[in-house]
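A.B. asks: If you read the protein sequences in the order shown, they are chains A and B.
Residue numbers for the first sequence follow our numbering, beginning at 1 and rising by one.
Residue numbers for the second sequence follow our numbering, beginning at 1001 and rising by one.
Calculated directly from the structure, the hints in this document are not laboratory data.
Cβ atoms here follow ideal geometry from the backbone N, Cα and C, with glycine treated the same way.
There could be a bad hint or two in this list.
Claimed, not checked - 27 Å max Cα-Cα, derived BS3-like pairs, lysine-lysine:
#1 A:LYS108 with B:LYS1009
#2 A:LYS105 with B:LYS1018
#3 B:LYS1009 with A:LYS3
#4 A:LYS105 with B:LYS1040
#5 A:LYS108 with B:LYS1040
#6 A:LYS105 with A:LYS69
#7 B:LYS1018 with A:LYS108
#8 B:LYS1040 with B:LYS1009
#9 B:LYS1038 with B:LYS1009
#10 B:LYS1041 with A:LYS112
Said to hold, decoys possible - Chain A regions said to be covered by chain B (calculated; three or more residues, Cβ under 8 Å):
#11 56-63
#12 102-110
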Amino acid sequence: DAKTTQPTSMDCAEGRAANLPCNHSTISGNEYVYWYRQIHSQGPQYIIHGLKNNETNEMASLIITEDRKSSTLILPHATLRDTAVYYCIVRVNYGGSQGNLIFGKGTKLSVKP
Amino acid sequence: DTEVTQTPKHLVMGMTNKKSLKCEQHMGHRAMYWYKQKAKKPPELMFVYSYEKLSINESVPSRFSPECPNSSLLNLHLHALQPEDSALYLCASSRGGMNTEAFFGQGTRLTVV
């Protein structure tokens, strides 16, 4: 089972910041939080990931709470092209060196004009 | 080159057919993945290859047979599929390790008739 909880859907006005929350209260100390998105009928696209510090790249910012039990993905100026399903994933380690991506249900973000 | 290329993009096959899905990456990634995605559902992990060896099989039926001929290629051989196997099949690759992002292909839309 996925180890994250996200709202099923959210709306955001074009040009405004989109703040997508994620709860991961059982996260382990060495597990990373990853965010992906999937635009309709395309493959998932990597957005950002982090361990404990806040992270920012050209697409988004990731804010992780100090206790690491929740995080927020921020799209600073949402556009219509940001309409997608956003997945928050805690990287599961099956005991090997790689961690596998297990997708939960995600949040469907609709950006409206 | 950050592309994962999947062929074909669309495939229609009968229940008695044998077909193969192909996935290729030239990023030097040593972990490759197959996911299955039904409509309006998140991607489900099927197989993981690490350094060309099968490391994870998520209890996938034997009518799906993965193969990793070399570090750049990943195949999924299909035989005697059922209509309920119709789905989007996604391939992904990553460098491996916990702190690395995965890149996804655009998927093969499979219809079993």
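A.B. asks: Now tell me if each hint is right for this structure.
C.D. replies: Results for each hint:
1. A:LYS108 with B:LYS1009: Measuring from Cα to Cα gives roughly 25 Å; hence the hint holds.
2. A:LYS105 with B:LYS1018: Not satisfied, since the Cα-Cα distance of roughly 32 Å exceeds 27 Å.
3. B:LYS1009 with A:LYS3: Roughly 31 Å between the alpha carbons, so the hint for LYS1009 (chain B) and LYS3 (chain A) is violated.
4. A:LYS105 with B:LYS1040: Distance of about 9 Å is within 27 Å: holds.
5. A:LYS108 with B:LYS1040: Holds: LYS108 (chain A) and LYS1040 (chain B) sit about 10 Å apart, inside 27 Å.
6. A:LYS105 with A:LYS69: At roughly 18 Å apart (the allowed maximum being 27 Å), LYS69 (chain A) and LYS105 (chain A) satisfy the hint.
7. B:LYS1018 with A:LYS108: violated, 36 Å
8. B:LYS1040 with B:LYS1009: The hint holds at about 19 Å.
9. B:LYS1038 with B:LYS1009: Judged against 27 Å, a Cα distance of about 16 Å means the pair holds.
10. B:LYS1041 with A:LYS112: holds, 23 Å
11. 56-63: Since 0 is below three, the answer is violated.
12. 102-110: The restraint on the stretch 102-110 of chain A holds, since 5 of its residues have a Cβ under 8 Å from chain B and three suffice.
When the structure is compared with the earlier hints, violations turn up for hints 2, 3, 7, 11 and for no others.
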